[in-house]
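Chemist: Sequence:
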Amino acid sequence: MITYEQKQRIEELKKKFDDIIEVFHPEDKKTKLKELEEESLKPDFWNDQKRAQQVNREIQRTRKIIEDMERIKVLFEDIEVGIELSEEDPSMQEHLEEMIEEVAKKIREFELEMILNGKFDASNAYLSIHPGAGGTESQDWASMLLRMYMRWAERKGYDVEIVDYQEGEEAGIKSATIYIKGDFAYGYLKYERGVHRLVRISPFDANKRRHTSFASVNVLPEIEDDIDIEIKPEDLRIDTYRASGAGGQYVNKTESAVRITHLPTGIVVTCQTERSQLQNRETAMKMLKARLYQLELEKRRKQIEQIQGELKDISWGNQIRSYVFHPYTMVKDHRTDVETGNIEAVMDGDIDMFIEAELVYYAKLGLNE
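Per the numbering used here, the sequence shown runs over residues 1 to 369.
Simulated from the structure, these hints should not be mistaken for lab results.
Please note: incorrect hints may appear among the correct ones.
[What the hints assert, rightly or not] Calculated lysine-lysine pairs in the DSSO-like style (CA-CA distance at most 27 Å, straight line):
id : residue 1 : residue 2
1  : Lys7      : Lys106
2  : Lys332    : Lys16
3  : Lys29     : Lys174
4  : Lys332    : Lys232
5  : Lys64     : Lys30
6  : Lys50     : Lys73
7  : Lys332    : Lys156
8  : Lys30     : Lys174
9  : Lys364    : Lys29
10 : Lys232    : Lys50
11 : Lys64     : Lys174
12 : Lys64     : Lys332
13 : Lys50     : Lys106
14 : Lys208    : Lys174
[Claimed, not checked] Pair by pair, the computed Cβ-Cβ distance ranges are:
id : residue 1 : residue 2 : range
15 : Arg242    : Trp46     : 24 to 30 Å
16 : Arg209    : Arg237    : 39 to 45 Å
17 : Thr329    : Ala133    : 32 to 38 Å
18 : Val81     : Glu298    : 46 to 52 Å
19 : Lys302    : Pro43     : 27 to 33 Å
20 : Gln319    : Lys208    : 45 to 51 Å
21 : Asn342    : Leu297    : 31 to 37 Å
22 : Gln319    : Arg108    : 34 to 40 Å
23 : Asp183    : Thr240    : 30 to 36 Å
24 : Lys14     : Glu230    : 27 to 33 Å
25 : Glu154    : Val81     : 36 to 42 Å
26 : Pro203    : Arg242    : 36 to 42 Å
27 : Gly157    : Tyr328    : 41 to 47 Å
28 : Glu22     : Trp46     : 45 to 51 Å
All C-beta atoms, glycine included, are put in the ideal place defined by N, C-alpha and C.
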């Protein structure tokens, strides 16, 4: 027999699913899929290969959304059957609970799938970390964040490459950039942009005092060549130098590292991980393109923020999350109020609870990129 708690949970899940349908209109995807499939059957479809590849990717994504939506509907039907059977067979109770957990999991995944529909959400990502003021303490904190994001990427099955790595003088890093390759890497990480705060007893303080440190994180999508962003050769200053730092197997030690400065904006990008100066230059240009695109995106987003009154909350320059090791253990996101006491798991890359909550948070504000 179904319990009151189970009945209540099922009603909550149905409401959440209905809310997703109402907000994102996934039923419209069926019409879109039909249009895309008709386009793919045209005789001249492959004349424009970039467009053809884009359409095929969109067909796959749209088809998956429809299949996932229908799967959830079937799961709710199975639950109704399970409720009827549990009235006669008490042993069905455990199976009913499993079905409820399964539909809850599928709805959560479906919601994220609908949210990750921004122009570059499906792209690979560049993630950069810079320590704040505070010397060794902040540089060590930056290296801890670098490890956290690399572990998160490994957990997701993504490939990770260190693009740039500047070692700290005593410990940690002065800066680092990693390239994360995998479906929706940028979509998941885009709201990790901002200032991350650490509170702990410093291992570098002989008096064992409590210290607060800061590090900033920036996330950029990998911009494909077909995106029109004008970069004039005369606006660039290109320098080469010997790679440095403790990037280990990831960092090349020849005279091939490249630094590109975009003179009109002052944006500087560096790459030292590739085996040749040409490859480093190509990667650095991709990063510059992404930075310039982000600059334009920030201008547009600030206009929306001013209209909606969300400037303080959305500004990526503000502190977004605190990691407290002392006098208690807690990680708290200041935008969504999601928190956990299991700081060891978080520092080992278990950050999906924060990422998922911030995606939902910004989607509800209507500020999803």
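Chemist: Now look at each hint and say whether the structure bears it out.
Modeler: Checked hints:
Note on Lys7 and Lys106: the hinted pairing holds, with a Cα-Cα distance of about 18 Å set against a maximum of 27 Å. Among the hinted pairs, Lys332 with Lys16 is consistent with the structure: their alpha-carbon atoms are about 25 Å apart, no more than 27 Å. A distance of roughly 46 Å separates the Cα atoms of Lys29 and Lys174; the hinted pair therefore is violated under the 27 Å criterion. With a CA separation close to 43 Å, the supplied pair Lys332 and Lys232 exceeds the 27 Å bound.
Simply put, Lys64 and Lys30 have alpha-carbon atoms about 11 Å apart, close enough for the 27 Å limit, and the pair holds. As the CA atoms of Lys50 and Lys73 are separated by approximately 35 Å, the hinted pair breaks the 27 Å bound. Under the criterion of a C-alpha separation no larger than 27 Å, the hint pairing Lys332 with Lys156 is consistent with the structure, at around 22 Å. The suggested pairing of Lys30 with Lys174 is violated, with an alpha-carbon distance near 49 Å, which exceeds 27 Å.
For the proposed pair Lys364 and Lys29, the alpha carbon gap of about 20 Å is at most 27 Å, so the pair holds. A hinted pair counts as satisfied when its Cα atoms are at most 27 Å apart, and Lys232 with Lys50 qualifies at roughly 24 Å. Distance hint between Lys64 and Lys174 is unfulfilled; the C-alpha atoms sit about 42 Å from each other, more than 27 Å. For the hint pairing Lys64 with Lys332, the CA-to-CA distance comes to about 33 Å; that exceeds 27 Å, so the pair is violated.
Between Lys50 and Lys106 the alpha-carbon distance is near 32 Å, which puts this suggested pair outside the 27 Å criterion. Only pairs whose Cα atoms come within 27 Å are accepted, and Lys208 paired with Lys174 is accepted, the gap being roughly 24 Å. Distance hint check: the CB atoms of Arg242 and Trp46 are about 46 Å apart, inconsistent with the given range 24 to 30 Å. At about 43 Å, the beta-carbon gap between Arg209 and Arg237 stays in the expected band of 39 to 45 Å.
Thr329 and Ala133 have their C-beta atoms about 25 Å apart, which leaves the hinted 32 to 38 Å range violated. The beta-carbon spacing between Val81 and Glu298, approximately 51 Å, falls within the hinted interval of 46 to 52 Å. Taken as a hint, the range 27 to 33 Å is violated for the pair Lys302 and Pro43, whose Cβ atoms sit roughly 46 Å apart. For Gln319 paired with Lys208, a C-beta distance near 25 Å fails the hint of 45 to 51 Å.
Between Asn342 and Leu297 the Cβ separation comes to about 34 Å, which falls inside the hinted range of 31 to 37 Å. With their beta carbons about 27 Å apart, Gln319 and Arg108 fall outside the hinted range of 34 to 40 Å. Between Asp183 and Thr240 the beta carbons are some 34 Å apart, a value that agrees with the proposed interval 30 to 36 Å. Judged by the Cβ atoms, the range 27 to 33 Å given for Lys14 and Glu230 is violated: they are separated by roughly 50 Å.
Hint check: Glu154 to Val81, Cβ distance near 40 Å, so the stated range 36 to 42 Å holds. Between Pro203 and Arg242, the C-beta spacing of about 31 Å breaks the proposed range 36 to 42 Å. Separated by about 33 Å at the C-beta atoms, Gly157 and Tyr328 break the suggested range of 41 to 47 Å. In this structure the supplied range 45 to 51 Å is violated for Glu22 paired with Trp46, their Cβ-Cβ distance being about 38 Å.
In terms of the numbered hints stated before, the structure departs from hints 3, 4, 6, 8, 11, 12, 13, 15, 17, 19, 20, 22, 24, 26, 27, 28, listed from lowest to highest.
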